[in-house]
Amino acid sequence: MVVIKTKNLTKSFADLVAVDDVSLEIGEGECFGLLGPNGAGKTSLIRMITAVSPPTKGEIWVLGGDLQSHSRQVKAVLGVVPQVDNLDPDLTVLQNLLTFARYFDIPKVEAKRRSMEVLRLFQLEDRCKSRIRELSGGMRRRLLVARGLINSPRMMVLDEPTIGLDPQAKYLVWHKLTELKSQGVTQLLCTQNMEEASALCDRVAIMHQGRIMSLDAPVKLISRYVGEVVWEIELNSEERDKTIKDLKSHGLDFEVVGDKIHIFHVKDDELTSGALDWRKAMRRAATLEDVFFRLTGRSLAE
Amino acid sequence: MRLFSWRFIRVWQRNRDVFFSLWHAEAPGFLAEPIIILLAMGLGLGAYVGLVDGQRYIEFIVPGLIAGYAMFSANFECTYGSFFRMEYQKTFDAIIATPLSIEDVAAGEIFWGATRSVLTGSVMLAVAACFQLVHSPWALLIPIICFLEGILFSAIALFFTSIVPSIYSFNYYFSLFITPMFFFSGVFFPLSSFPEIVQTLSWAVPLTPVVYVTRSVIGGEFQPGLLGALALIVALTVLFFSISLVMMRRRLAK
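Protein chains in written order, with my numbering: chain W, 1 to 302; chain G, 1001 to 1254.
Wrong hints could be hidden among the right ones.
Short, incomplete list of chain W residues facing chain G, as computed with Cβ under 8 Å [stated by the list, open to error]:
#1 Pro54
#2 Gly58
#3 Arg72
#4 Lys75
#5 Val84
#6 Asp90
#7 Leu91
#8 Arg102
#9 Tyr103
#10 Phe104
#11 Pro107
#12 Val109
#13 Glu110
#14 Gly184
Here are the computed distance ranges between Cβ atoms for each label pair [to be verified]:
#15 Ala1040/G / Gln192/W: 56 to 64 Å
#16 Arg283/W / Pro1165/G: 54 to 62 Å
#17 Asp216/W / Tyr1080/G: 36 to 44 Å
#18 Gln1013/G / Arg131/W: 16 to 24 Å
#19 Val17/W / Pro1180/G: 39 to 47 Å
#20 Ser152/W / Leu1201/G: 57 to 65 Å
Don't read these hints as lab results, they were simulated from the structure.
Backbone N, C-alpha and C define an ideal beta-carbon position, used for all residues, glycine too.
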């Protein structure tokens, strides 16, 4: 079943097109990743899908209905974890959750029960009486994720949920997200962390300048754009020009990155073809990051 | 324009909870200042002024101060308070990701601002009553009048909040609109002391009908002008309430 569907979705501001003609479908229980450099349009796309910002053009269906006309019902089953910390600094940890539960009309007793449950989940139960300003950055972020679960959502939209977390906390959040997925909670995950996207997402869309450049399972994207392994070689300037010429003449797929050259899609028979002294090169597993650079370039977007 | 729903009460509850958890920080200003000004102006200035409209000066200024301070409460709440929640704490963004709409948030802010007016007006009324400056039982209607007044000024303030670029812009709002209004609406002296042209102009500012109604209620004297003043308050409230909902959506739903 398709949970989120967009068709020709476009968002324009006065001087730029933030989201340009995006059509996608997210299935029930799927974790869908949204990758892209800063300014690629990820947040604008998320704001439209969470009914906070109206599209300039195009349509959005969520849970089978038009989003515009039943945004309240959609928001009632949606868990949002924002990138910007918008916890209530004047309230305690527990009050934050109870206040949030009240926005969803969750009765008081049930709200208290769920609040303690999500606090336990993210190991924050002994901080429940602390004020937000007394929490560390990592605790706040865990609390933001916990708050997103207060309405037992069917869908979650997470914008950089693990940014600024130490590895322990990051794995804790990943573990909970995987668990939620196995319970059938659909997730739209926006991230800059390629490792996170590979670990959690069933499919990933790579966005650049408002458009989706490519969309597939992480492993498929890797094998399509870079192959399973990447060869890296570091050369001084004299060897460099010659090597580039040799690689070109052998029809190899490569990219010059600073004083290194990355070579992709290398087949076994090419290792003996003399295009390169392969003993000098380093072989490593290809990652989603390699795909990301190939699709979005290496220059700064902003 | 989209209307707000009953869910606005959730925003009101949120603001109430924060207000009471920070009670100790807010109470001194909110309780002490009205008492100080009542005594300082009433007794100090009153000693030189003598009778105004047949009343002691301190009695004359009670209704104006109630209306004036109730106005300030609503205005502070829905300018600095709302702006702070909207821009710095991003509280509105958090709320509109839940089943509440932007209109619910705006209405919640306005009704909370009105509640602050009621609290301020009631405290001042109680203080004035303790000094035996209130004589008519009609004065018990003051909380209701303050509520109406609070909705009006919260709506005006929130409209301003929805269009300002930065928190410093509120300096203009207070020094060019609110403070002059405080002095030209019959709080400290009868409007009849002004030249005719100023008298007419002063009816164009929204505090004037409020002071008029408050004065009638506290004095227990009702004149035909009262209905007109109430109608003016209601009309301005509907106007600014609507504009502030529309403008808040424009600001937040980008």
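Hints and how they fare:
The beta carbon of Pro54/W comes within 6 Å of a beta carbon in chain G, closer than 8 Å, and the hint placing it at the interface holds. Interface restraint check: Gly58/W against chain G, minimum CB-CB distance 16 Å, threshold 8 Å, status violated. For Arg72/W, the shortest C-beta to C-beta distance to chain G is roughly 5 Å, which falls under 8 Å, so the interface hint holds. Checking Lys75/W against chain G: minimum C-beta separation of about 5 Å stays under 8 Å; hint holds.
A cut of 8 Å between beta carbons decides the hint on Val84/W: the least distance to chain G is about 6 Å, and the hint holds. With a least beta-carbon distance of about 5 Å to chain G, the hint placing Asp90/W at the interface is held under the 8 Å criterion. For Leu91/W, the interface hint holds, the least distance from its beta-carbon to any beta-carbon of chain G being 6 Å, beneath 8 Å. Because the beta carbon of Arg102/W sits about 5 Å from the nearest beta carbon in chain G, less than 8 Å, this interface hint is met.
Given the 8 Å rule on beta carbons, the hint for Tyr103/W holds: about 4 Å separates it from the nearest Cβ of chain G. About 6 Å separates the beta-carbon of Phe104/W from the nearest beta-carbon of chain G, less than 8 Å, and the hint is met. Given the 8 Å rule on beta carbons, the hint for Pro107/W is violated: about 13 Å separates it from the nearest Cβ of chain G. Among the interface hints, the one on Val109/W is violated; its C-beta lies about 17 Å from the nearest C-beta in chain G, farther than the 8 Å criterion.
Annotation: interface hint on Glu110/W violated; nearest CB of chain G at approximately 16 Å, more than 8 Å. Contact between Gly184/W and chain G, as hinted, is not supported at the beta carbon level, the nearest pair being about 21 Å apart and thus beyond 8 Å. Separated by about 59 Å at the C-beta atoms, Ala1040/G and Gln192/W satisfy the suggested range of 56 to 64 Å. At about 55 Å, the beta-carbon gap between Arg283/W and Pro1165/G stays in the expected band of 54 to 62 Å.
A hinted range of 36 to 44 Å is violated for the C-beta pair Asp216/W and Tyr1080/G, which are about 50 Å apart. Range check, Gln1013/G to Arg131/W: about 19 Å between beta-carbon atoms, so the 16 to 24 Å window is met. Between Val17/W and Pro1180/G the C-beta distance comes to about 46 Å, which sits within the given range of 39 to 47 Å. Taking 57 to 65 Å as the suggested C-beta distance range, the pair Ser152/W and Leu1201/G conforms, at roughly 58 Å.
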